[in-house]
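**Q** Sequence:
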Amino acid sequence: IVPFYERCGGDASARPEGMSGLAVWDDARSRLVLARDRGGEKPLFWANVRGEVRFASEIQALLAFPDQPRRVNRKALSLYRALGYVPAPYTMFEGIHKLPPASALIAEGGRTEIRPYWSPAAAADRPPRVSFENLEELRETLLRAVRRELMSDVPLGIFTSGGLDSSILVAAAARAMPGDKIHTFAVRFTEPGYDESEYAEAVTHDIASVHHVVTADDESLGRALEVVSGALAEPLGDPAVLPTWLLAEAAREHVKVILWGEGADELFGGYPTYLGHKFADRWQRLPRGLRSFARWVVDRWPTSTGKMTLEFMLKQFLGGAELPWLDRQLTWLGANAIEREVIAELDAKLEGFPHDDPLNRVMWFDFLTYLPDDLLVKVDRATMLASVEARAPFLDREVMELVLPLPSRLKVQGFTTKAILKEAARGLVPDRVIDRQKRGLSVPVARWLNTGLASLADRLLDTPLLAEHRARRRNHARRLWPQLMLALWAERWDVSID
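For the working numbering, add 388 to where a residue sits in the sequence shown, where the first one is 1.
These are calculated hints, taken from the structure and not from any lab test. A hint or two may mislead.
Said to hold, decoys possible - Straight-line distance between alpha carbons at most 27 Å, and here's what the computed DSSO-like set of lysine-lysine pairs gives: (1) Lys666 to Lys737; (2) Lys644 to Lys430; (3) Lys430 to Lys463; (4) Lys463 to Lys737; (5) Lys644 to Lys569; (6) Lys430 to Lys737; (7) Lys569 to Lys810; (8) Lys703 to Lys666; (9) Lys666 to Lys810.
Whole structure, please, built from the sequences with the hints as guidance.
**A** Structure follows, in structure tokens:
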């Protein structure tokens, strides 16, 4: 980094590959350069108090200054209540900022400037280079990305769910490290319908990895909740941070670096919501009376607390199918009441991206918001709390620049998500993995709010949603959990959110 800086000055921030949060102090020029990696894997926070620029990888370090205000940022609070996370450049504390991904901050001569050094919009606007008839470049690019992330002076492992993304990482690592024993880690839920550990274990049989299974029951998840909620200086409404921490805690006994499959869903179109957007236009063309009757029938379907049940998905779809695309996406992600200025600010993040592929714009939106400000926060905070380093090969620059321009028809075909990734994976991973329906890492929050967390929810939540959830008239877990995390955060840091 230092030789790059000596040669390129402030432009050196564009040179590192992979994840990084870096700071360079140029004593001769009295210049400070801060930079954050392209995908947003690592955090970087900063504040300017009376002309003094302070920076850290954790908000707590900035709060240690006695003159740092602890006032809640009302804009960030509004965004969190809508989304369940706080998007950059905001934090929940007034005066403390997140440096956005792919950006550099230069403080010199009493001025502070933030500028991007890499543009996902420019990458998305390039002509696509791969297709179903030309998959070799995609396959080789993914293999190279994994090989780069395997460079390590310490033991390394892979979090696996038995799904496509993590299975590709396992297979690619096995090719790059023939004969080496690879450690793999999977979570086993005791809640019926949530456990996928048997699929994860089946994948490891093909490479004979050293496989570790971590049990996530109410007791261990409760322990994780206590650790995570007590440590995070910003609320995060994603309950998957709890099993992620349990995995990281178990992994640190064996490895110091973990590969993780984050980024693949946003780049390749892996979420069920993308199918929902695809079919929403067709739904709106149906006669109004038929649509009203369908909503009447589905609303009377008994509410389930299971994981991604048909009842839950149908109710989610009908709840947002007739809204504009961004309102629809936020509704399906479990957002609460959304202010119009919030919608406008989020929509502005897509400035510079092409307009000719509406479904791709949804994926790009998730890539710019949900991925760096929710999913990567979840992984970074959980692994750092356990002193383990997590790496995301799908966020390799070469991968991102190859996949961002691909048309959505290569990603979502019929009822098939990640279509081109699945075809590229054939021969690398077993067909049974490629053809299995995506489930995702989630926590039985719906049932937990009515049982083990009932007293905590009663104490901290004041909303009619809780009573409706308790009565099983509607599954409000996606809306109640972020509210509970916000209340715990406010209690922990002694701030007012009224």
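**Q** So, for every hint listed, does it hold in this structure?
**A** Quick rundown of the hints versus the structure:
1. Lys666 to Lys737: holds, 22 Å
2. Lys644 to Lys430: holds, 16 Å
3. Lys430 to Lys463: With a Cα-Cα distance of about 23 Å, the restraint between lysine 430 and lysine 463 holds, given a limit of 27 Å.
4. Lys463 to Lys737: Holds: lysine 463 and lysine 737 sit about 16 Å apart, inside 27 Å.
5. Lys644 to Lys569: holds, 15 Å
6. Lys430 to Lys737: Since the Cα atoms of lysine 430 and lysine 737 sit roughly 20 Å apart, the hinted pair holds (cutoff 27 Å).
7. Lys569 to Lys810: Given that 27 Å is the threshold and the Cα spacing comes to 26 Å, the pair holds.
8. Lys703 to Lys666: Holds. Lysine 703 to lysine 666 sits at ~17 Å (cutoff 27 Å).
9. Lys666 to Lys810: Holds, because 19 Å separates the two Cα atoms, which is no more than 27 Å.
The structure meets every hint from the earlier list without exception.
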